[in-house]
Every structure is written in structure tokens, then in C-alpha cells.
Amino acid sequence: AQTVTQSQPEMSVQEAETVTLSCTYDTSESDYYLFWYKQPPSRQMILVIRQEAYKQQNATENRFSVNFQKAAKSFSLKISDSQLGDAAMYFCAYRVEYNFNKFYFGSGTKLNVKP
Amino acid sequence: DAGVTQSPTHLIKTRGQQVTLRCSPKSGHDTVSWYQQALGQGPQFIFQYYEEEERQRGNFPDRFSGHQFPNYSSELNVNALLLGDSALYLCASSLADRDRNEQFFGPGTRLTVL
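As you go down the protein sequences, you meet chains A and B in turn. The letter at position 107 of the first sequence is residue 107 when you use this note's numbering, and the numbering goes up by one with no holes. The letter at position 34 of the second sequence is residue 34 when you use this note's numbering, and the numbering goes up by one with no holes.
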């Protein structure tokens, strides 16, 4: 069974500093995608970054980057130069390549950004 | 280009009642998925519709049903509401093409069952 685990219910970071959110997943599949979604208090889920499992290179989107360790089934999100607008719930999600629309989500990490 | 829209924004029902939630997908998308997000939890997959048929289903009872219309919009129906059905219901749309498959989420409908 596919599961996604986020072991940090809540984290805090000082504005302009760097924070890393952790995610582990369990799967027997070899082809899959991993995602980080952001859900601000306004509720709309926004895609932050995605990683294809077949790619060894870690994905990067501006201040957001991931550390993808396939063997360890680990997928952490690093936010550099944290901004007040980064405060939100962050969800790690997994999708099997053939099961193309069904996402499995972790329980989320609430990120607080201190001015 | 309008993104995913959902209606209503909030809804209050009592136990035993029935509710219908609506979703319009992002322009050009043909697949709609529904998720239930309980307070403090991640979204849980309910089911997915493509070509007006339910293609996949999560671990939800038959009280949860849905429909997709020819214009790709979708409805989620919940019968015999229970207190535990109180949650944020999210709709997500995407393209069936697996290589470009990325889900876009709507703002959700907050359902409260009293």
C-alpha cells in the first residue's frame, strides 16, 4: 500500500532563513511522481514543485528545491530565503505513474514564518 | 482563464440530510477528482470521473456518489449525512494524458454537519 508520512506537524522559520520539510513514502512501484503542495489559509491548494522518480536530478523552482532520495524513499522540501507569504500548510503527495490521477497525501506540515 | 471553481463555499446540514457539491474544472481539463479533507489532515481521495464515468474510487461508502456532465463539470452527492462527514471537500481537475498530468485544485466547499 502506498503511504505518505510527514513527521513534522508544525515548524517555524525566521524570515529570510532556510527551512526543510520532511516527507517519506512507502511504495513498491518504480515509476511515480512526487509533489509538494502549499495550502494557505485561503484553502486553495497550489502546486509548489514536482519530481519524477526516474529523474536523478533534484527539482528546483526559484526558492524551492527538493532532496529526493529514491532508495531511502525520502522527499524533503527546502525553502530558501523564507518569506511571510510562505506561511501555510505544506502537503507532500505521491502519484503512481500508471494510476495517473489518484494522489496520496501526507498529513501536512504547518509552516510559520516569523518576521 | 478560469481555474477550478466550486460551489457553494460553505454549507451547513443536519444529520440524515443529503448534499450536492459542484465543481467546474479548469478550461481544457477533462478529468475531475474529489477529495475529502478533514480538519488537520491531508486530502483523502474519494473518486475520479473521466468521460462521464467513475474511473477510480477510494475507500468511501456508497453514500458518496458523483456525476460528470458532458461539459466535464462534476457533482459530488452525499446521502444520509453523518457528523463525521464534516470536512473540506476539494475538487481537482486534470488532463487524462498521463505525461502532462497535474492536478489543479479548487478552493473547496466547507461542509458542516450538525
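Because the hints were derived from the structure by calculation, they are not lab data. Quick reminder that beta carbons are idealized off the backbone N, C-alpha and C, glycines included. Check each hint, because a few of them may be wrong.
Unchecked claim - To give an idea of the interface, some chain A residues facing chain B are shown, with a C-beta separation under 7 Å as derived from the structure:
hint	residue
1	Ser30
2	Tyr32
3	Pro41
4	Arg43
5	Met45
6	Lys102
Sort out which numbered hints this structure fails and list those numbers smallest first.
-> 1, 2 and 3
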